[in-house]
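Trainee: The primary structure of each chain is shown beneath.
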Amino acid sequence: MVKIVLENVHVDFPLLQQDQRSLKRLLSAPLKPMRITLDPRERPILQALKGVNLTLSEGDRVAVVGPNGAGKSTLLRVLAGIYPPTSGRAVIDGRVGALLTVGLGMRDEVSGFDNIEFCLLLLGASPHDIDQKREDIVAFTGLGEFIHLHVGAYSAGMRTKLAFAIATSIDPQILILDEVFGAGDAAFVRKAEERMIELIQRSRILVFASHAPALIERFCSKAIWVEGGLIKEFGDVKTVSDAYLASAQG
Amino acid sequence: MGPLWLIATTAIFVIALAFVYSTLFKVALAEYLPFIAVGVVLWNFISAICAESVMAFVESEVYIRQIRRSPFVYVFRVISRNIIVFLNQFLVAAAVLVYFGGVSAFNIFLAGFGIALLFLQTLWIVPLVGLIGARFRDLLPIIQSALQICFFVTPVIWPAKALAGKEWVALANPFHHIIDIVRMPLLGGTPAFASYIVVGVMSILGLAAAHLFYSRFRFRIIYWL
Chain V
1 MVKIVLENVH
11 VDFPLLQQDQ
21 RSLKRLLSAP
31 LKPMRITLDP
41 RERPILQALK
51 GVNLTLSEGD
61 RVAVVGPNGA
71 GKSTLLRVLA
81 GIYPPTSGRA
91 VIDGRVGALL
101 TVGLGMRDEV
111 SGFDNIEFCL
121 LLLGASPHDI
131 DQKREDIVAF
141 TGLGEFIHLH
151 VGAYSAGMRT
161 KLAFAIATSI
171 DPQILILDEV
181 FGAGDAAFVR
191 KAEERMIELI
201 QRSRILVFAS
211 HAPALIERFC
221 SKAIWVEGGL
231 IKEFGDVKTV
241 SDAYLASAQG
Chain H
251 MGPLWLIATT
261 AIFVIALAFV
271 YSTLFKVALA
281 EYLPFIAVGV
291 VLWNFISAIC
301 AESVMAFVES
311 EVYIRQIRRS
321 PFVYVFRVIS
331 RNIIVFLNQF
341 LVAAAVLVYF
351 GGVSAFNIFL
361 AGFGIALLFL
371 QTLWIVPLVG
381 LIGARFRDLL
391 PIIQSALQIC
401 FFVTPVIWPA
411 KALAGKEWVA
421 LANPFHHIID
431 IVRMPLLGGT
441 PAFASYIVVG
451 VMSILGLAAA
461 HLFYSRFRFR
471 IIYWL
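Chains as they are written, first to last, in my numbering: chain V, 1 to 250; chain H, 251 to 475.
To be clear, the hints were calculated from the coordinates, so they are not data collected in a lab.
From a predicted model like this one, the values you see are computed outputs, not experimental measurements.
One or more hints might be untrue.
Unchecked claim - Interface residues of chain V toward chain H, partial, derived using beta-carbon atoms under 7 Å:
| # | residue |
| --- | --- |
| 1 | F13 |
| 2 | P14 |
| 3 | A80 |
| 4 | G81 |
| 5 | I82 |
| 6 | P84 |
| 7 | L100 |
| 8 | T101 |
| 9 | L104 |
What the hints assert, rightly or not - Part of the chain H face toward chain V, derived, beta carbon under 8 Å:
| # | residue |
| --- | --- |
| 10 | V312 |
| 11 | Q316 |
| 12 | I472 |
Ideal Cβ placement from N, Cα and C applies to all residues, glycine included.
Same shape as in the complex, but just chain V (with noise of 0.2 Å):
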């Protein structure tokens, strides 16, 4: 049963960089939602999730939605098993694929045939899958034989395309995606699209977060509004998302 259960989760970042003197004053201003403070043994921390709770189970369709530094990100990491919370619980259960960028692991000096292999490697499949998903993403690309050359001589947009099939050919039951994919010529986008939506139907669980109301009504079927590091709604896709693109106008 893929499932994924946080119970109470908080996510403290250390400010290791601030300086003593500055952080007094920003901790004497009056900030609105007080989420920079001290942990018990007086170092300044970020409070990115002041305890979140949230169960997901196989079927869901979630969008993420809320303002710039609600903890939107965070609380993907936590998902993804990527930050383990500073206190609180989070329960795993599936194989999570994670899309937060676009061309991670992808290397200049070698061929784009051999970044293939790295990258899939790296995003958790299998080595047995690796020449079939290889031989679709080729495809897919429609780079040719450009595949052989390295790929610090690909120009962006061949760049993008690779590294986009590459990320899009996982199948994860539970999939983390942070906005945007994209770029490339209008006929890659639409590809593109169809590709990504194949993706999605792929995987048990979505959380998705984006600022775009029509793709999050399109992909998803629930909605979670965060706002300073607490979950401030969670339901339906169109109720959430209303309410929460209301408040943002007004």
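With chain V's structure known, arrange chain H on it following the hints.
Mentor: Same frame as chain V, now just chain H:
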């Protein structure tokens, strides 16, 4: 071309050093060149491991932030990279040894055992130093200057017996023992039993400390980056 440069620079360094220091120390080149060739290659490995382990997690920040993987992946990244470099540089030492008469099968076995013990040390040095290095960013210059001092006080390019009466300087130095258990057999000798004890104790303590630190702090790494 990459590996060739590694080999070439090591060869040039070793030969140049051997030429000058064999004159300074008034030792025959046939005796000194194998000694220094093996010593320098071993030292290069040890110092590279110590220095690069500081950055083990820091240099992998992009990966650690984007993907869920055991932090030990990044430890092995440093270790495997340096073992490859070591094996390349070791060709220089091997060539010198063959040129000056070769090594007996038993001594090759002993040296192989020594190299295995040397590699074992990386399993605690890299995670331990890597953790500290991720938390305290000023560790790198500290380690670098410490390594420079160690290079001069450790019998790498000078023989321990030249200490005449102050042997404790070498005996108290763990670097000396770890180098000796590989170098001695390759030069036709047998390492002191004490060296194996020192390396053995160091491995146990080191692995224990690394295990303790790693299991306590592995989940903090990402917050320190």
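Trainee: Does V/A80 hold up as a contact with chain H if the rule is Cβ-Cβ below 7 Å?
Mentor: 6 Å, holds
Trainee: Less than 7 Å between beta-carbons is the criterion; does V/I82 satisfy it with respect to chain H?
Mentor: 5 Å, holds
Trainee: How about H/V312: closest beta carbon in chain V under 8 Å, or not?
Mentor: Given a least distance of 7 Å, the restraint on H/V312 holds.
Trainee: Given V/G81 as an interface hint, is its Cβ closer than 7 Å to any Cβ of chain H?
Mentor: For V/G81, the interface hint holds, since the closest Cβ of chain H sits about 4 Å away, which is under 7 Å.
Trainee: Given V/P84 was flagged as interface, is its beta-carbon under 7 Å from a beta-carbon of chain H?
Mentor: 4 Å, holds
Trainee: At a threshold of 7 Å, is the proposed contact between V/T101 and chain H supported by beta-carbon distances?
Mentor: 6 Å, holds
Trainee: Would the hint on H/Q316 stand, with a C-beta cut-off of 8 Å toward chain V?
Mentor: Holds: closest Cβ of chain V sits about 5 Å from H/Q316, inside 8 Å.
Trainee: Hey, does the V/F13 contact hint survive, CB to chain H under 7 Å?
Mentor: Result: holds, 6 Å to nearest chain H Cβ.
Trainee: Quick one, is the V/P14 hint okay against chain H at 7 Å, beta carbons?
Mentor: 6 Å, holds
Trainee: Quick check on the hint: H/I472 CB to chain V CB, less than 8 Å?
Mentor: 6 Å, holds
Trainee: Does V/L104 hold up as a contact with chain H if the rule is Cβ-Cβ below 7 Å?
Mentor: Since the shortest Cβ distance to chain H is 5 Å, the answer is holds.
Trainee: Holds or violated: is there a CB of chain H closer than 7 Å to the CB of V/L100?
Mentor: 5 Å, holds
In the structure shown, no violation is registered for any of the earlier numbered hints.
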